[in-house]
Amino acid sequence: MARNKTGIPELDEMLRGGFMDKDAVMIAGSAGTGKTTLALEYLVNGATQFGEPGIYLTFEQLPDQIYRDAANFGWDLRKLEAENKLRVVCTSPDLLIDPEGEEQLLGETIKELQPRRMVIDSLNHLEMYVPRGDLRKEAYRILMYIKTRGISPLVVWEAQQEVDSSYSVTQTGMSFLIDCLVLLKFVEIDSSIKKALAIMKMRGSDHDKRLREYEITSHGLRVVAPFSGYEGIITGSPHRSLTQEVAGAWDDAFTRTKHKQQGMQV
Amino acid sequence: MISPNATRRIGVVPLPIFVAVIALFDVILPTSVAASLAFNPLLVFAALQTLFLFGTAVVVAYISLKSYLSGGSRTILLLGSGTLAWGFASMVAGWLLGPPGGPNIGVTISNSGALVSSLFYIASATTTMRDSSSRDSKSRKPKLILSYGGAVGFLAALTGFALLGATPAFFVPGAGSTILRQTVVGAGLFLFAVSSILFFRLYHDSRSGILFWYSMALALTAIGLAAFYFGRTVGDPIAWTGRIATYLGGIYSLIAVWSAFRGLHSSPTGSPVP
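Line by line, the protein sequences give chains A and B.
The first sequence begins at 1 in this note's numbering and counts up by one.
The second sequence begins at 1001 in this note's numbering and counts up by one.
No lab work stands behind these hints, which were simulated from the structure alone.
All C-beta atoms in this analysis are idealised placements derived from N, C-alpha and C, irrespective of residue type, glycine included.
Check each hint, because a few of them may be wrong.
Straight-line Cα separation of at most 25 Å, DSS-like style, residue types lysine-lysine; simulated pairs [unchecked claim]:
(1) A:LYS85 / A:LYS137
(2) A:LYS137 / A:LYS201
(3) A:LYS147 / A:LYS22
(4) A:LYS79 / A:LYS5
(5) A:LYS209 / B:LYS1138
(6) B:LYS1138 / A:LYS5
(7) A:LYS147 / A:LYS201
(8) A:LYS194 / A:LYS209
(9) A:LYS85 / B:LYS1138
(10) A:LYS137 / A:LYS5
(11) B:LYS1141 / A:LYS194
(12) B:LYS1141 / A:LYS209
(13) B:LYS1138 / A:LYS194
(14) B:LYS1138 / A:LYS195
Across the chosen pairs, the derived CB separations fall in these ranges [claimed, not checked]:
(15) A:HIS219 / B:PRO1142: 25 to 35 Å
(16) B:ALA1156 / A:PRO9: 33 to 43 Å
(17) A:GLU188 / B:SER1003: 32 to 42 Å
(18) A:GLU231 / B:PHE1190: 43 to 53 Å
(19) A:LYS201 / B:PRO1142: 54 to 64 Å
(20) A:HIS239 / B:ILE1028: 50 to 60 Å
(21) B:ILE1028 / A:GLU231: 57 to 67 Å
(22) B:ILE1179 / A:GLU215: 54 to 64 Å
(23) B:PRO1142 / A:GLY204: 30 to 40 Å
(24) B:SER1003 / A:THR217: 43 to 53 Å
Chain A with its partners taken away, still in its complex shape (with noise of 0.2 Å):
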C-alpha cells in the first residue's frame, strides 16, 4: 500500500508508513499547536526528499509571512518554487467555493506542478462563506477535486480546545469526509505547557495509539516520547497513574537527594 511520508521519522512510525496515498488527513489543534508548521514541513519533506511537489494553498496569511516564518525553520519556498517542486497560493475562500474559480485557481498550477500533495490552510475559512449546514458538502467537493486530480489533500483544522481542555474535533461533523485525524493540543503536566500529538483516526490502517509529546524546533516538528504513565490527557486532566507515581517517589528518593547533595557541594 503506498504511503505518502511526512519525513518526519517518528511520526512516519505512528503512521506505519506514513499517510495513506489519496487519503483525506486533516490536522486538528488550536492556535499556536503548529498545524501550519507540520503542513508545511510535510509538503517540503515531500518535496526535497520524496520527489513529491506540493501546493500550499493558505487564506491565512500573505506569502511573505510564509515564506519569512518557513525561512526560519530553514525551508526555501522560493527555491523549490523555482525548482517547480512547490506552489504557494495565497487566495480568498469564496474563489476555491466557486467551482469555476477554483478551476481558474488550481487547474492551470496542477496541470504545470503534477502536484501530488496538497494543503489547505485551513478549513476554517470556508466558514465565513458557507452556511453552517452547507459546510461539510463544500469539504467534500473540494476535496473530492483534489483527490480525482490524483493529489493527497491535508486540511488544517483550527479546533477551539475547551477551557477543560477536552476537544471536540468531529463537532463540525467534518469527521466522516476524514480518512486520517492527527490532533495537536496543548496539556499541563506537572505544572509546565506542553503540546500532544495523537492519531485520533486512520481509516484503513493500523496506527500508534499512544499519544506523544511533541515540539517545534528550529528545523521543525520533533515527535518525543509517549506519554507514558498518564492517565486522562486526552480528556484534559492529566495526572499519573497510582504506580507511575510511586515510582516517581520512589525515583526522587533514590536520585534527588543525590543531586541535592551535588548541588550543596557546589
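Given chain A, put chain B in place with the hints provided.
The following block gives chain B in isolation, referenced to the frame of chain A:
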C-alpha cells in the same frame, strides 16, 4: 498516631536482636546439637522463600522498572536488578533445597544469588554518589532488558549447571560449608552491609522513609547472610534466625514501597509517612 521517627526507631530494633541471637546461638550451640535441631520442612521453606523474598522482590523490581523507564536513573536500574536477582535465586533455592540433588544445589543458587545481587546493590549504592541518569530515553528499554534479563538469565543458567552437577560444591552433607561457600557468602554479606550503609548515609541527608526502610532491608539481608556464614548446617537454629531476618528484610522493602505510596497522599499537615 505514631510519628515517623518513632516508627523508624522501632524498625531498627530487630537488627541488634538478630545479631545477638545469632551470636548467642554461635556460642551456645555445639555443632552436634545444632545438627540435631535442624528443621527443614521443604514445602514450607519453599513457600516462605517465594512469598517473602521472591514476592517482595517482584514488587520492588516492578516499581524500579517503572521508575527507570521514566527517569533513567542507573541507581534504580541496578537496584531493581539486584532485587530481582536476590528474589529469583531465593525462590529457586527454596524449591531445590531438598532431594534429588540434596541441599548443595539450593545452597549454591542461594549463595551465588546473594553475591550477584550484592554486586548490583553495591554498584547501585555507589552510583548514588555521582549523576548517573541516562537522558537517552530510547536506550532505556534495551538496557533494562539487558540488566534484568542478564541477572535472571545468569542465575537460571547457574541453576541449570548446578542441577547438572557442573558447579563446585558449596555444601557437603556431613562436612558442612566449603571454603568456596564461606568466601561467596562472606563477600555477599560484606557488600550488602556496605550498600546498606551507603543508602543509610543518603537517608541521613534526606530523611526519606523509602531510603530508611530500604537500607534496613539490606542490613537485615546482610545479617541473614551472616547467619548462613556462621550456621553449622542447613536448617539449624542459626540458619532459621538468618532466614527470618531475610524475610523481615523482604517486608521492610515492601514498607519502603509503601512509604513511596504514603508519601503521595500525605501533606505537610497530613498523616505522616512511616
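These are the hints, each one checked on the structure:
no.	hint	verdict
1	A:LYS85 / A:LYS137	31 Å, violated
2	A:LYS137 / A:LYS201	21 Å, holds
3	A:LYS147 / A:LYS22	6 Å, holds
4	A:LYS79 / A:LYS5	22 Å, holds
5	A:LYS209 / B:LYS1138	18 Å, holds
6	B:LYS1138 / A:LYS5	22 Å, holds
7	A:LYS147 / A:LYS201	19 Å, holds
8	A:LYS194 / A:LYS209	18 Å, holds
9	A:LYS85 / B:LYS1138	35 Å, violated
10	A:LYS137 / A:LYS5	29 Å, violated
11	B:LYS1141 / A:LYS194	24 Å, holds
12	B:LYS1141 / A:LYS209	19 Å, holds
13	B:LYS1138 / A:LYS194	20 Å, holds
14	B:LYS1138 / A:LYS195	19 Å, holds
15	A:HIS219 / B:PRO1142: 25 to 35 Å	27 Å, holds
16	B:ALA1156 / A:PRO9: 33 to 43 Å	37 Å, holds
17	A:GLU188 / B:SER1003: 32 to 42 Å	36 Å, holds
18	A:GLU231 / B:PHE1190: 43 to 53 Å	44 Å, holds
19	A:LYS201 / B:PRO1142: 54 to 64 Å	32 Å, violated
20	A:HIS239 / B:ILE1028: 50 to 60 Å	57 Å, holds
21	B:ILE1028 / A:GLU231: 57 to 67 Å	58 Å, holds
22	B:ILE1179 / A:GLU215: 54 to 64 Å	59 Å, holds
23	B:PRO1142 / A:GLY204: 30 to 40 Å	33 Å, holds
24	B:SER1003 / A:THR217: 43 to 53 Å	50 Å, holds
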